[in-house]
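Participant: From first to last, the protein sequence lines are chains A and B.
Heads up: the first sequence begins at 329 in the numbering used here, then just goes up one per residue.
Heads up: the second sequence begins at 25 in the numbering used here, then just goes up one per residue.
Be aware that a few hints might be false.
[Stated by the list, open to error] Heads up, simulated DSS-like pairs for lysine-lysine below, C-alpha to C-alpha not over 27 Å straight-line:
#1 A/K483 - A/K403
#2 A/K666 - B/K127
#3 A/K483 - A/K563
#4 A/K666 - A/K563
#5 A/K478 - A/K403
#6 A/K352 - A/K563
#7 B/K195 - B/K230
#8 A/K343 - B/K127
#9 B/K134 - A/K343
#10 B/K201 - A/K352
#11 B/K230 - B/K134
#12 A/K672 - A/K702
#13 B/K201 - B/K142
#14 A/K666 - B/K195
#15 B/K195 - A/K352
#16 A/K672 - A/K376
#17 A/K694 - A/K672
#18 A/K731 - A/K702
[Stated by the list, open to error] Between beta-carbon pairs, the in silico distance windows are:
#19 A/K483 - B/R48: 47 to 53 Å
#20 A/D701 - B/N186: 26 to 32 Å
#21 A/K563 - B/S139: 41 to 47 Å
#22 A/D377 - B/A88: 44 to 50 Å
[To be verified] Partial selection, computed: residues in chain A whose CB lies under 10 Å from chain B:
#23 L659
#24 N742
#25 G744
#26 G745
Source of the hints: derived by calculation from the structure; they are not laboratory data.
These numbers come from a predicted model, not from an experiment.
We put the CB at the ideal spot given by N, CA and C, even for glycine.
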Amino acid sequence: MTQLTPVLSAHWDEKDSFTIEGYKRHGGYDAVGKALEMEPDAVIQLIKDSGLRGRGGAGFPTGMKWGFIPQGDNKEHYLVVNADESEPGTCKDMPLLMANPHVLVEGIIIASYAIRANYAFIYIRGEVAHVVRRLQQAIADAYAAGHLGKNIHGKGFDLELVLHVGAGAYICGEETALLDSLEGFRGQPRLRPPFPAIAGLYARPTVVNNVESIASVPSIVNNGAEWFSAMGTEKSKGFTLYSLSGHVANPGQFEAPLGITLRQLLELAGGIRPGHQLKFWTPGGSSTPMFTAEHLDVALDYEGVSAAGSMLGTKALQIFDETTCVLRAVLRWTEFYKHESCGKCTPCREGTWWLVQILRDLEAGKGTEADLDKLLDVVDNIAGRSFCALADGAASPIISSLKYFRGEYMQHLNNGGCPFDPIASTKFEAAGSR
Amino acid sequence: MKSANSFSPEQLAIMDAIIARYPRSRSAIMPLLHYVQSISGYVTPEGIEAISAKLNIETAEVTAVSTFYTQYKSEPVGEYHVGVCINTLCAVMGGDAIYEAAKEHAGIGKDEVTSDGKVSLERIECNAACDYAPVVMVNWEFYDNQTPQSVRDLIDGARNGNPPAPTRGPKSLRTWKENSEVLAGLSDGLAGEGVQAGDPSLLGLKIARGNS
């Protein structure tokens, strides 16, 4: 049996796992005590040594990011946690915060101490009221217990932590758009450089990290860099949350060492739903180029997925079986990118709109084979031509679906419409559309 | 147009407390907009005036922010705002059929409200619960593993003032205005209610423990 490594999820099956009592029962906030005994630079070095890389998609080394913050500059520093989890398919941070919000709060205290920040923010998406409640309570309880506020643990370190609730904009998951949003503006990406480490929130040095990255920090402080780096692969160290959704027998969260394969994960999830076969899947959300059954044995670490032509992303494995129309899937994702384009950069704003028009025609069996080339031409003119990577994300499903399923596009044209029955793909297909 | 004095002294004091959370006042604009929605149900002209006065910025700047984010509504929504996830994975797993059933059963279209003001309908994007697909959110609470029939029942319950409880959320569903207050950062004391995790969240852990 494939080895799983529950660390962040280790106590989610306890009814009070989200309370401060439940968290302390398993050594919660011990890591803060340990970290505050260390020099801040030693904490940064520990995280560098562990090999922890960003779990929000880009995979940038977390300790190195912390090390970019200029020290002794007499400026305020900020830590901002990106809890805007909105990438289609991504569903790891919300269950983590619902079941164990304190591990994030503890990680924030340690990270803030390391980068010498006295103000930290959690930017959480707004469409998750109960996750917001759990975090509000966790923060209030951490203040009451002396883990936040003035002179934490009597060690002279001060930290204010503010929960900031978003309001429904995918683009705010992009770190510079998130910072503009947090400053009280429309959430639109900034031109870089300068990077947030130099001019982030309020133009001050700022670290922006994903929830899972920061939540991994207390376990590293408690168990050491070697413990962490013993898991995973050569350049992708540690454990992480893999989320399986869609046409699998048992969807869910699997915390495993980096480098596990979809074949192994499918064994744990009971395989593709009975009587069906894998058709296509995303390794890390809709912005990562899709894979097919030929990629079942790709190591799901940063290097393995990249070498196979996609990205590890958020490890959001969305699984689709043979009943699914790939054009329908791609059109719907493209409609999403069009809807969520912030409008700042012309190629993205206009290009995503045109992609939707062309794909709608293609799915309806209208248009011609030349439209397939037109799709690729538009994609070529928007990817890499904007301030942020939203347009690159929009390009991914189109390019990859044309690579693996060009025949299915042609089938729509030759048929004069979609040959698939959407009810056959549903979870309640036996009951029909009732 | 009425301005800040459309709000009670208590409400204005809460706005000040929200602003005080931040190192710079303008950062409070988003929780203030959520707070206005908790009072009025949507972002009213009076609410924009009040935020403008509190933050000392132009009303046009407040409107520019308000209209950027889909959760801020420029018109009233229902007491129970139903969002059906129609992003690819949920749509394929049944979200499209659920949305059609909801539309037909409630007799309203996208972004419309029933005549009794109880239910409104929105097509929402991925809500980070894909392992519970198809997902429906009501007032931003999770309704997991939905079917066309479960959503018809949900709409009936909402219209009768007796909606079913969220799958992962408080014991009973709060109204749109009440939940907007939570999003503004005001506690309703309900964090302890509901499950800590649903079954899909626990699947890997159970297998690791050898008791799947």
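Participant: Each hint: holds or not?
Facilitator: Comparing the hints with the structure gives:
no. : hint                        : verdict
1   : A/K483 - A/K403             : holds (21 Å)
2   : A/K666 - B/K127             : holds (23 Å)
3   : A/K483 - A/K563             : violated (35 Å)
4   : A/K666 - A/K563             : violated (35 Å)
5   : A/K478 - A/K403             : holds (19 Å)
6   : A/K352 - A/K563             : violated (32 Å)
7   : B/K195 - B/K230             : holds (25 Å)
8   : A/K343 - B/K127             : violated (37 Å)
9   : B/K134 - A/K343             : violated (38 Å)
10  : B/K201 - A/K352             : violated (34 Å)
11  : B/K230 - B/K134             : violated (40 Å)
12  : A/K672 - A/K702             : holds (23 Å)
13  : B/K201 - B/K142             : holds (12 Å)
14  : A/K666 - B/K195             : violated (37 Å)
15  : B/K195 - A/K352             : holds (26 Å)
16  : A/K672 - A/K376             : violated (35 Å)
17  : A/K694 - A/K672             : violated (31 Å)
18  : A/K731 - A/K702             : holds (15 Å)
19  : A/K483 - B/R48: 47 to 53 Å  : violated (28 Å)
20  : A/D701 - B/N186: 26 to 32 Å : violated (56 Å)
21  : A/K563 - B/S139: 41 to 47 Å : violated (60 Å)
22  : A/D377 - B/A88: 44 to 50 Å  : holds (45 Å)
23  : L659                        : holds (9 Å)
24  : N742                        : violated (23 Å)
25  : G744                        : violated (21 Å)
26  : G745                        : violated (16 Å)
Figure legend: structure checked against the earlier numbered hints; hints not met, in rising order: 3, 4, 6, 8, 9, 10, 11, 14, 16, 17, 19, 20, 21, 24, 25, 26.
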